[in-house]
Amino acid sequence: MDMKKKPLWIMIVALLTFALVLGACASPTPEPTEEPTEEVVEEPTEEPVEEPTEEPVEEPEEEVEAPTLVVWADETRSPIIEEISGKYAEELGIEVEVVQLGFGDIRDQVKVAGPAGEGPDLFIGAHDWLGELVANGLVAEIDLGQKADSFFGPAVDAFTYQGTLYGMPYATENIAFFCNPDLLSEYADGERPETWDEVMSLAETIEENSDGEATAWTIQTNDPYHMFPLVTAYGGYIFGRSEGGYDPQDVGLDSEGAIAAAEWLEMMSAEGHVEAGVDYDVMHTLFEQGQVACIGTGPWALGRIRESGVSYNIGKFPAGDDTNGRPFLGVQGFMVSAFSENQLLAQTLLSEVVASDEFMQGLYDADPRPSAWLPVREATDDEDLAAFAEAGAEGLPMPAIPEMASVWTAWGDAEELIISGEVTGEEAFQNAAEQIRTQIEEGQ
Amino acid sequence: MTVDVQRHRGSKGPLDALSNNLGRYVLVLLGLAVLDALGIWLLYRLLRDGAWPVALPILAILLLINVLNLSPKLFPVRWHIPAGAIVILIIIFPMVYTFYSAFTNYSDGHILSKQQSISRLEQDTYLPEGGTTYSWTAYRSPEGEFALWLVGPEGEDYLAMRDSFEDVEPGEGIVGPADEEGIPAELEGYQRLSRVEVIKFLPDLDGVKFGQPPDQVQVVNLNSVAPLVQRYTYNEERDAVIDQREDVVYYADEEVGFFISEEGEQLQPGYMVWNGLYNFQRLFSSSAFRGPFLRIFAWTITFAFLSVLTTFALGLLVAIAFNDPLVPGRKIIRSLLLIPYTLPGIIGVLIWRGLLNPHLGVIPLTLENWIGWAPPFYTHPMWAKVGILIINLWLGYPYMMLISSGALQAIPEDIYDAAAVDGANSWQQFWNITLPLLLVSVGPLLIASFVFNFNNFAVIYPFLEGRPPMAGTPTPAGHTDILISYTYRIAFEGGRGSDYAYAAAITIVIFVIVAVLTLIQYQFTRRWEEVSESV
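Protein chains in written order, with the numbering used here: chain B, 1 to 444; chain Z, 445 to 979.
Hints were generated in silico from the structure; no laboratory data involved. One or more hints might be untrue.
[Stated by the list, open to error] Computed far set for chain B versus chain Z, every beta-carbon distance over 10 angstroms:
#, residue
1, Ala66
2, Phe103
3, Asp105
4, Gln109
5, Gly153
6, Asp157
7, Glu186
8, Gly212
9, Glu243
10, Glu422
[Said to hold, decoys possible] DMTMM-like cross-link-like pairs, simulated, lysine to aspartate or glutamate; straight-line CA separation at most 25 angstroms:
#, chain 1, residue 1, chain 2, residue 2
11, Z, Lys653, B, Glu83
12, B, Lys147, B, Asp365
13, Z, Lys644, B, Asp365
14, Z, Lys558, B, Glu352
15, Z, Lys653, B, Glu90
16, Z, Lys644, B, Asp357
Just so you know, even glycine gets a beta-carbon here, dropped at the ideal spot from N, CA and C.
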């Protein structure tokens, strides 16, 4: 046996040794690449023989390889980022490489590529990713410097996590309350409902006058994001706020206000004003076909609503007991990777190039949403977007704490159980709050 | 000597080739050497980046290639290398990695190694009390050395270089005369950089300290330099991170993967550690497990069983119907019936999701028109399950049709002739001849289909994400959830983000369940075989 094995292992060891030598010879590849650049630099020196004194001074500068920044952005924004930053990069003697990824993929990929050293220097993202990004050590602190005052305050607050600023915001987004004035005047008095109670009585009126062809309001059956303005209108909350931001120990889905909102929804369902099985498409189709007078939706739906030709106006959410419904405020911005080797340069690109009217206007034009850059935000002449900004003026930043992961499903399921009439509003929200507490406690 | 042994044994090893065809042998060796060189280079890069989980399978494949090419005994099976490589890469490696992950705390907040976590913490800096922030102008020597001219808030100016921090006036020493803004136009041996020019040198200035403590500054941004101090330092002896600003010590806790202070405060980010059986303990003591687990388990088995039963029944029916050569155009019809099999499953599910939509879907709208009622496929627990089974039937019957067609043709005609002579009608022939003989050959495939459907996340999740929700469960669960989609909920839609290690642990538990079920089913196929022997 030994006799047979010997040659095999000797052979393998010999091969590997040989391969190691080959590998060692091949590894110092970066060095030879410098040669051609030197040649290029040397060539022009031959021509201006008359001014030899100036040449040596300039030469070392040209030897410096232009530092490269890698930016990750989605398909809507990468062309404009590439265009504007490319233009400035040339002036500044740096290179900017824009890599296009799906917006949601950026979040997942940063997690994988960052620690492996393959990640970007800068990336765009939403502020509510911060809990996860910070817990994983993926983002670096940034400094808006003298330009801080030019940013929309709540947007900067949203990118501040546990007292530290981690992003430069460029756009805000929130949902607003859309109503169809034609439908309202055809079957009712034409007035937008100001309170949720009015929404309920409006539903009765419209259904009666239209023989059940139309109703006042609908909502996605399992979608807490769109339900939030209803909860806040009655004074409900998701996580209580303390000095350091949202407090995961204080779950407010079974607070008095939240349960009042749940009971309102229960009543709507019991009276048959709201149906189950509605998803994003159904909600919008019903609104666009004039079967529903009002829905809550965001700027991303403006395109399809305008295209459908339905008449609409945009405004604040109805009020509950006292305040108007407050939607979630989402903020998008640029973040600097903690694994970037050029953090100083990346931050400088943000403060010198991105934080400018031209860049922010470009981002706005590529995807119209209320800008986080005040000069552009205030100059917005699009009435719809101005209305969105107004509806979101009282908006609450979506909690960025990682515990939010426990909230969405529990809350959405509670909403669905109420709408399908399986449990009472109180029961559904109490159980959802318990589910959230259990998951936070049992999560690692 | 060894060569002799090889010859006498008559093996066709490479050493035989040596005597027969030296050139070819050298070629093999050279090829191997080049491959090994590439492989070692790759391994070196991967290990340098700490990516040893990826390096391991590559090492295994590399060794496999070498052993198979060099071992005289294994030389004949070297054509199995591609298959072996694929087995290692896509079967063994994911299994080993899943198993390994299940015993760690790999999850959001613990994705970095301890070393990475420490270097992330060491990045943080702070401005100590009384620290002054200066505006700055940079000068660069042809050798690439930098000097900074600093102006403080009260107009005081300093020259900061690598090792010195001096209070000098323009015109003194190497400092040239001031321009109209009071900043020296030049330093001897250095060239002044404009605000724009300095940008491309920022990577060289990043983190570089100028001067000596306490007068030591570094560049903060284009407008300022400041005497920043590193906030967290790692002390290897105490295995602790010390917060210099707040003067707090955070000790490494190797059980949870965090640096923790005596008050119990954790530093972010945490890091990955081994935690033994913790994930399994967590699972079996969790509310998610105690709660709706049994109901979900029961539906998982029902779903898998009914999926196999319905797809096999329809597939067999179609196969028998079109097995008869008298059916006109049967080849075309059979091809058309295969269409669901050729579509990616996820697209099929999404199309069906649209068809069953209670408000816009063709099927509910048509039914409502005809009979005034449509099943609530999205919202009613039972009808949602029916919807899932319909979708899976559509997706799965072509496969059953294919395997049944093949198996049908293998049943000898004379058995049917004999049965007809004995007076058996076609129904009796089907139950007593066709089905038992068919089951012998397709039985194992049905079991495989059961196992596949047991974990058929790709049908359950895209349809309704496991909904409609169950009421009153301790953690969220849905009526159409099967174990694997429930696992997804527990590990990725709860807690504090994605929990990969926990998911891996639950997957292992599911694997054990599936393995036991499969073993039980194989006992059944044995019985079918006995039946076939008695026919």
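To see whether the hints hold, each was checked on the structure:
no.	hint	result
1	Ala66	6 angstroms, violated
2	Phe103	18 angstroms, holds
3	Asp105	14 angstroms, holds
4	Gln109	13 angstroms, holds
5	Gly153	21 angstroms, holds
6	Asp157	20 angstroms, holds
7	Glu186	22 angstroms, holds
8	Gly212	14 angstroms, holds
9	Glu243	15 angstroms, holds
10	Glu422	5 angstroms, violated
11	Z:Lys653 - B:Glu83	35 angstroms, violated
12	B:Lys147 - B:Asp365	22 angstroms, holds
13	Z:Lys644 - B:Asp365	29 angstroms, violated
14	Z:Lys558 - B:Glu352	35 angstroms, violated
15	Z:Lys653 - B:Glu90	28 angstroms, violated
16	Z:Lys644 - B:Asp357	23 angstroms, holds
Hint compliance for this structure: hints 1, 10, 11, 13, 14, 15 are broken, all remaining hints hold.
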